[in-house]
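Sequences are here, hints too, so could you generate the full structure?
Sequence lines, in order, name chains E and A. Residue numbers 38 to 505, in the working numbering, belong to the letters of the first sequence in order. Residue numbers 653 to 943, in the working numbering, belong to the letters of the second sequence in order.
Wrong hints could be hidden among the right ones.
To be verified - The list that follows gives simulated cross-link-like pairs (lysine to any residue, SDA-like), each with its CA atoms no further than 20 Å apart:
| no. | chain 1 | residue 1 | chain 2 | residue 2 |
| --- | --- | --- | --- | --- |
| 1 | E | K316 | A | R831 |
| 2 | E | K337 | A | L805 |
| 3 | E | K99 | E | R113 |
| 4 | E | K313 | A | A889 |
| 5 | E | K138 | E | R149 |
| 6 | A | K741 | E | L227 |
| 7 | E | K318 | A | L883 |
| 8 | A | K814 | E | S214 |
| 9 | E | K313 | A | A802 |
| 10 | E | K415 | E | N434 |
| 11 | E | K316 | A | F884 |
| 12 | E | K221 | A | L680 |
| 13 | E | K221 | A | G688 |
| 14 | E | K337 | A | F810 |
| 15 | E | K318 | A | G890 |
| 16 | A | K814 | E | D339 |
| 17 | E | K318 | A | F810 |
| 18 | E | K318 | A | R894 |
| 19 | E | K221 | A | L885 |
| 20 | A | K812 | E | D339 |
| 21 | E | K337 | A | R809 |
| 22 | E | K318 | A | H834 |
| 23 | E | K309 | A | K812 |
| 24 | A | K814 | E | D218 |
| 25 | E | K318 | A | A888 |
| 26 | E | K169 | E | R305 |
| 27 | A | K741 | E | T229 |
| 28 | E | K313 | A | F884 |
| 29 | E | K318 | A | V663 |
| 30 | E | K313 | A | L883 |
| 31 | E | K309 | A | L885 |
| 32 | E | K316 | A | R895 |
| 33 | E | K318 | A | L805 |
| 34 | A | K814 | E | H336 |
| 35 | E | K318 | A | A802 |
| 36 | E | K221 | A | R894 |
| 37 | E | K337 | A | G890 |
| 38 | E | K221 | A | F810 |
| 39 | A | K814 | E | R305 |
| 40 | E | K99 | E | R109 |
I should point out that these hints are in silico values taken from the structure, not numbers from a laboratory.
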Amino acid sequence: MSLPVVVIGVSHKTAPVDVRERFAAGAEILPELLARLTSRPELDEAMFLSTCNRVEIVVLAKAGKSIEDAKRGASRAVREALREQLGASSIDDLGGWLYEKSGDEAVRHIFRVAASLDSMVLGEPQILGQVKDAYDAAVAAGALRSHLARCVHRAFTVAKRIRSETQLGAGIVSISSVAVDLAKRIFGDLGTSTVLLVGAGEMAEQAAKSLAKSAKSIRVCNRSFDRAATLAATFGGTAAPLDQLEAELVISDVVVASTSSKTFVITRDLVKRVMKQRKGKTLFLIDIAVPRNVEPDVHKLDNVYVYNVDDLEAEVAENMKARHAEVEAAEAIVAAELADWAAWARGLNVNPTVVALRARTRGVLVAELERSLSGRLKHLTEGDRAALAQMVESATNKLLHAPTTRLKQAASTSDADAGDLVHALHHLFDLPAVAEALGEDERDSRMMKSESVVPHSEEEEQSGRLPH
Amino acid sequence: MNESLANVLFVLTSVTYVAASVLFLRFLVRGKGDVGTVGPRLIAFGAVFHAAHICVASLVLKVCPVEGIHFPMSVASMLMCAAYVVARKRLRVEVAGAFIAPLALTSLMASRFVGRAEPGEGVKSFILPFHVTLNLFGVALFGLAFSAAALYLVQERFVKSKRIDGMSRRLPPLDALDRAEHRFLLAGFPLLTVGIITGTVWAQRVEAGATADILRAVFGYVTWLVIAGVLFLRAAAGWRGRRAAYGTIAGFAFAVLVLVVYLTRTATPHTVASPTGTASSPVLTRTAVQP
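Listed below in structure tokens is the structure:
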């Protein structure tokens with residue numbers, strides 16, 4: 038049986054940007070949402086990922102709870118959050134855009150997202166950083182502790198493998214570069230074009246990197262002038278405060294908007310005024326922000342073209358065709374890593390039986406030893422007693438080594454075989470039921486001891502192999 | 653020089669233009685072929701054959717190439733092709749060959765097969781060759797402006813509707829098309845203006861009053877007004893892009909109407925006759941070239 042991991046979300050593949058931007062507004066309530074998720078009785082761990090192309094919640098069900106329980110819990114938490122944020126009337130509309138993945142399919146999805154195989158621009162490097170940010174935020178909020186944390190960490194390893202073992206990340210791989218390609222479709226050589234960045238965040242920086250090489254000049258307009266000045270200085274551009282946006286639009290040809298504003302920064306009325314001052318000169322606006330910064334109606338004006346993140350898909354489709362072989366190689370890596378992960382995860386299912394068997398064996402031996410130590414062997418010194426206790430521990434380990442190994446092997450290859458063996462062990466050794474064998478607290482502490490949240494060593498991190 | 657050579661050159665010109673048209677259309681529609689080098693070269697070869705054909709045919713007929721309408725029309729399309737070959741790289745309008753080649757072919761065919769001026773009593777005037785030559789260059793440049801405008805509208809439609817793969821990739825950038833269209837109009841407009849003035853003077857001299865003459869004059873003035881309007885509104889009110897493209901196409905359509913009226917008119921006393929007194933048409937049909 039696979040780990041009860043569930044992913045619920047919307048992405049560029051399932052919902053247009055005008056839907057996604059309504060979900061994305063929830064990113065601000067991240068700590069509260071994570072706390073809400075992990076406080077649910079069905080859920081153990083949670084992570085919230087919000088990018089311009091996707092908004093996803095990843096959860097892990099508590100021990101003893103099924104995937105269905107996890108789905109219900111996550112779904113309820115998401116809907117409650119949406120109800121508070123958007124109002125009850127919006128939920129039914131938005132609910133239709135949500136997708137759910139569970140079990141191995143959910144893990145595969147997490148691997149593919151981190152490796153940029155599910156991105157709008159295949160192989161783009163930003164998504165890995167965004168997943169890492171989401172991971173850090175969830176760890177900081179105490180929402181990622183054990184198996185889900187390990188799963189996300191494994192996704193980082195998958196992404197690194199794909200980047201180093203395939204050419205998926207080579208060539209054009211960012212939304213910014215696709216946007217530059219589009220701008221060239223309108224203006225040809227950008228050597229005579231002025232580029233205006235509205236917003237000075239990471240996306241603006243990426244765009245500036247792509248555009249600085251070919252544009253005549255770069256201007257940065259941002260609410261925080263200091264930030265604009267810093268970014269402009271990096272690329273030899275000019276900075277301006279946001280209240281000078283209209284004047285900046287008049288002298289610019291290509292505009293890349295990427296602010297985090299929840300309302301439209303560039304409206305139809307503003308652009309109408311600007312176009313009069315520009316005497317109809319072509320204006321190309323690339324809106325890579327979610328929620329969008331440019332009012333959609335601006336595109337209807339003469340000689341004005343607005344492209345948002347969804348509109349870049351056609352370009353990306355061309356990109357994908359050329360990368361078909363690389364995609365296949367990357368998918369093969371994902372499949373291999375998933376199989377490895379699934380084997381490890383199935384091994385987790387027999388852990389309670391192994392622990393119970395060990396407890397039973399050790400319990401019997403320790404009880405017998407204590408009986409002897411209080412009887413015929415009561416003359417033994419403390420040193421002798423310690424040696425005998427050590428001997429019992431070693432005997433337990435040696436005795437149980439082979440059955441434990443075989444049980445885990447069976448679990449990694451076949452759920453059915455492992456189930457039979459577990460059943461036989463419980464029957465033969467009269468082991469208690471799992472729930473009885475392990476209290477919740479004991480289970481958690483055991484997991485933390487036996488499988489740390491993150492790989493212990495650099496080698497483990499690089500190899501992505503988990504300590505079995 | 654004989655009629656056979658003229659006919660061979662005519663066929664060679666036609667075949668080259670057809671080949672260029674097919675190549676460009678195939679490239680635009682299916683994305684196949686190399687129009688970066690082969691297409692413009694075919695048009696260049698076509699223009700050379702065309703020029704040779706005009707020379708030979710005018711010698712055979714003993715007609716100055718700027719007399720009448722059939723020869724000048726053929727000359728205009730040849731000039732259009734030549735101007736395209738010269739300006740295509742600088743203005744990044746290689747794909748405009750998709751319009752230039754069929755236009756040149758149509759013009760060549762029309763100049764040979766559409767209408768035929770009957771022999772008439774010619775009216776000699778030194779203004780007339782001047783008027784015709786200016787208009788020839790003007791029409792050639794407007795033909796190029798029309799091609800750029802038509803391509804602009806196609807590309808603009810793709811970009812506006814956000815269908816930016818496929819054919820859109822093979823078309824020149826929007827701004828390059830808009831700029832090319834404007835420059836061709838700017839270059840052609842002074843020629844048209846002087847052509848209109850000289851035409852008016854000549855029409856007054858010969859006291860033209862037939863319906864065809866009036867229609868021709870009206871269409872000529874409308875052409876001038878439309879092109880002037882496009883240029884003025886662009887400078888004064890920022891009418892660029894789609895509006896300018898529609899205006900350019902309308903202007904060229906009126907210019908074509910002038911030619912159509914010329915081609916299809918019946919002979920009038922002031923129809924320009926060739927120096928030999930035979931038909932002014934450069935048509936190398938057997939009847940026309942018979943002494």
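Numbers of unmet hints, in rising order: 9, 10, 19, 26, 29
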